[in-house]
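Number of protein chains: 2
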Amino acid sequence: MKLSSKLTSMVALGTMVATAAAASEPIQPIRPVQSVNLAQVELGKKLYFDPRLSRSGFISCNSCHNLSMGGTDNLKTSIGHNWQEGPINAPTVLNSSLNVAQFWDGRARDLKEQAGGPIENPKEMAFSHTLTIHVLQSIPEYAIEFKQVFGVDEITIDEVTEAIAEFEKTLVTPNSRFDRWLLGEQEAITAQELAGYELFKTSGCAACHNGEAVGGTSFQKMGIVEPYQTSNPVEGRIAVTGKDADRFTFKVPTLRNVELTYPYFHDGEAETLTEAVDIMGRLQLGRKYTPDENHQIVAFLKTLTGEQPTFQLPILPPSRQDTPRPRPFD
Amino acid sequence: MKLSSKLTSMVALGTMVATAAAASEPIQPIRPVQSVNLAQVELGKKLYFDPRLSRSGFISCNSCHNLSMGGTDNLKTSIGHNWQEGPINAPTVLNSSLNVAQFWDGRARDLKEQAGGPIENPKEMAFSHTLTIHVLQSIPEYAIEFKQVFGVDEITIDEVTEAIAEFEKTLVTPNSRFDRWLLGEQEAITAQELAGYELFKTSGCAACHNGEAVGGTSFQKMGIVEPYQTSNPVEGRIAVTGKDADRFTFKVPTLRNVELTYPYFHDGEAETLTEAVDIMGRLQLGRKYTPDENHQIVAFLKTLTGEQPTFQLPILPPSRQDTPRPRPFD
Numbered sequence: 006m007k008l009s010s011k012l013t014s015m016v017a018l019g020t021m022v023a024t025a026a027a028a029s030e031p032i033q034p035i036r037p038v039q040s041v042n043l044a045q046v047e048l049g050k051k052l053y054f055d056p057r058l059s060r061s062g063f064i065s066c067n068s069c070h071n072l073s074m075g076g077t078d079n080l081k082t083s084i085g086h087n088w089q090e091g092p093i094n095a096p097t098v099l100n101s102s103l104n105v106a107q108f109w110d111g112r113a114r115d116l117k118e119q120a121g122g123p124i125e126n127p128k129e130m131a132f133s134h135t136l137t138i139h140v141l142q143s144i145p146e147y148a149i150e151f152k153q154v155f156g157v158d159e160i161t162i163d164e165v166t167e168a169i170a171e172f173e174k175t176l177v178t179p180n181s182r183f184d185r186w187l188l189g190e191q192e193a194i195t196a197q198e199l200a201g202y203e204l205f206k207t208s209g210c211a212a213c214h215n216g217e218a219v220g221g222t223s224f225q226k227m228g229i230v231e232p233y234q235t236s237n238p239v240e241g242r243i244a245v246t247g248k249d250a251d252r253f254t255f256k257v258p259t260l261r262n263v264e265l266t267y268p269y270f271h272d273g274e275a276e277t278l279t280e281a282v283d284i285m286g287r288l289q290l291g292r293k294y295t296p297d298e299n300h301q302i303v304a305f306l307k308t309l310t311g312e313q314p315t316f317q318l319p320i321l322p323p324s325r326q327d328t329p330r331p332r333p334f335d
Numbered sequence: 006m007k008l009s010s011k012l013t014s015m016v017a018l019g020t021m022v023a024t025a026a027a028a029s030e031p032i033q034p035i036r037p038v039q040s041v042n043l044a045q046v047e048l049g050k051k052l053y054f055d056p057r058l059s060r061s062g063f064i065s066c067n068s069c070h071n072l073s074m075g076g077t078d079n080l081k082t083s084i085g086h087n088w089q090e091g092p093i094n095a096p097t098v099l100n101s102s103l104n105v106a107q108f109w110d111g112r113a114r115d116l117k118e119q120a121g122g123p124i125e126n127p128k129e130m131a132f133s134h135t136l137t138i139h140v141l142q143s144i145p146e147y148a149i150e151f152k153q154v155f156g157v158d159e160i161t162i163d164e165v166t167e168a169i170a171e172f173e174k175t176l177v178t179p180n181s182r183f184d185r186w187l188l189g190e191q192e193a194i195t196a197q198e199l200a201g202y203e204l205f206k207t208s209g210c211a212a213c214h215n216g217e218a219v220g221g222t223s224f225q226k227m228g229i230v231e232p233y234q235t236s237n238p239v240e241g242r243i244a245v246t247g248k249d250a251d252r253f254t255f256k257v258p259t260l261r262n263v264e265l266t267y268p269y270f271h272d273g274e275a276e277t278l279t280e281a282v283d284i285m286g287r288l289q290l291g292r293k294y295t296p297d298e299n300h301q302i303v304a305f306l307k308t309l310t311g312e313q314p315t316f317q318l319p320i321l322p323p324s325r326q327d328t329p330r331p332r333p334f335d
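Respectively, the protein sequence lines represent chains A and B.
When the first sequence is numbered by the numbering used here, its final residue is 335 and no position is left out of the sequence of numbers.
When the second sequence is numbered by the numbering used here, its final residue is 335 and no position is left out of the sequence of numbers.
A portion of the hints provided could be inaccurate.
Which copy is meant is left open, so a pair is good if it fits within one copy or across any two.
With a Cα cut of at most 30 Å, we get these calculated DSBU-like pairs of lysine-lysine [what the hints assert, rightly or not]:
#	residue 1	residue 2
1	LYS174	LYS293
2	LYS226	LYS51
3	LYS152	LYS307
4	LYS128	LYS174
5	LYS174	LYS226
6	LYS51	LYS174
7	LYS293	LYS51
8	LYS307	LYS174
9	LYS174	LYS206
10	LYS152	LYS206
Think of the hints as simulated: they come from the structure by calculation, not from any bench.
Since we're looking at a predicted model, the values are computed, not measured.
Chain A on its own, in the form it takes in the complex:
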């Protein structure tokens, strides 16, 4: 047997062992991006960074889902048009393709449907789909790129949100220390972090925070054992289903990169992981973690920080004479 085929066999065996180990865990490693339409991704990246999708010309997708900051704004609730205070904490865009649905209440089926929301929301970008199209169509570089990528002469919001969603599909964060451990690299996490993971599983966190994204796969009530006290009036999934049972039910957030996506909960009221773990333990599991236990779980959670998407800052094509101008102050 030649060395190269020996090596191949060893790697194959290693992968099988690791896969077997990972399969028995409630959390699976994030797979690198599989198939994307690269031309749509490049167009979507520009749109994601383009503040001309807002009425003010100042707010882009990246303003509240900032890819320098874990795909969120690290604010309790977001700042919208005219400095309006948003109703809810901005969820991270990282790994959001793995969510069962989008928004805290799951009102958008997928990333494409989500992308159209903030543009029209009067408290967020405060623009309209019609004006978005006018802006983009008036800029020759955009018109040509939409034609190349989608084969359309007339841009519609459909292609705009499709391109943004395709870009967002690339925003996964593989290769966290925890994933490397799942894949067989035993030294990738410390004994304390491993103890935290064991406690995370045995005390019940993994019942909801599981799968590739360590969350994002179900809707659950906030405050199962003990009610959650908040001055935030948002009621969660009942807004979508109209069912009383869904009052105060929210999509379980992903815990991937949770070290970066503070503050926590739909109202952003928990500033630190220590606080979030303590509240979750008491309200969802009826368990008061000791400081040591809390520390262990937090240590485990920090192993979920993966490789952040890296790419060149896109350069946007300039507006033209007939491009509708931003109106920030009227």
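Model the placement of chain B on the given structure of chain A, informed by the hints.
Frame of chain A, contents of chain B only:
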């Protein structure tokens, strides 16, 4: 003579011819970045994109000097903390290292002095230098990087602004079509663009818009032949010198990348290049350009768009438990 040395001689000769040609022109080609401290540049890039240098945690240097958009915000006047309307049009950061001084009124000697201004300005980032230092010092990755780069244990605003300025020095835009023409590539601009350049020189524009940055080297009165009418109350350089002669005197803006840096003038009142060229001709030179002449000059101005700085979007280190939190709404 070997081929390689023959080629070297030809290149050397070509450079001499081009240099001679360029030297006789009022505009010089932009030189690529010469010497920078790369470690400072990398740190400064993070700081430039970090909204935690503002009270709200929402506004970074890049918000108003957006490197996706010609180093400006493409707004008449900028949006500051709490959506306050800024007093003046945000000048581009591109090639700003070539300016004789910074801000429209030249009140900052250099980029380093400029960088500290917006952080403390209550209408812009509305933060303080002290709080900026608290934030940065509380984040271990920043503390370590400042220690590595500047050898300091205690960060001061001095290192913060020095690093930002060093990054900004890299934001030059060489290799525009016009520069390639200056360097001897005759086909780089069209006959119409060349005619525009000739008119730009013969009608007097180049008296102020000259040098490497096609501006930025002197202060001049806005409205020499005819007064400039504006509702904007800013009075220009008199605010710095106190001299009555400096009322309504501003730093001549660079025309590099002017295609990208709309709207124009200190009050941002000219939406298009056509409008700006028309007003400049009448007010500064007492000359009413014909539509054809205007068109030619605008065509020339668009040859000044250079290679935009490209780099990876920086990933920022997360805040820690004791990092002062943003206060956007109080």
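Identify every previously stated hint that the structure contradicts and give their numbers, smallest first. 1, 2, 7, 10
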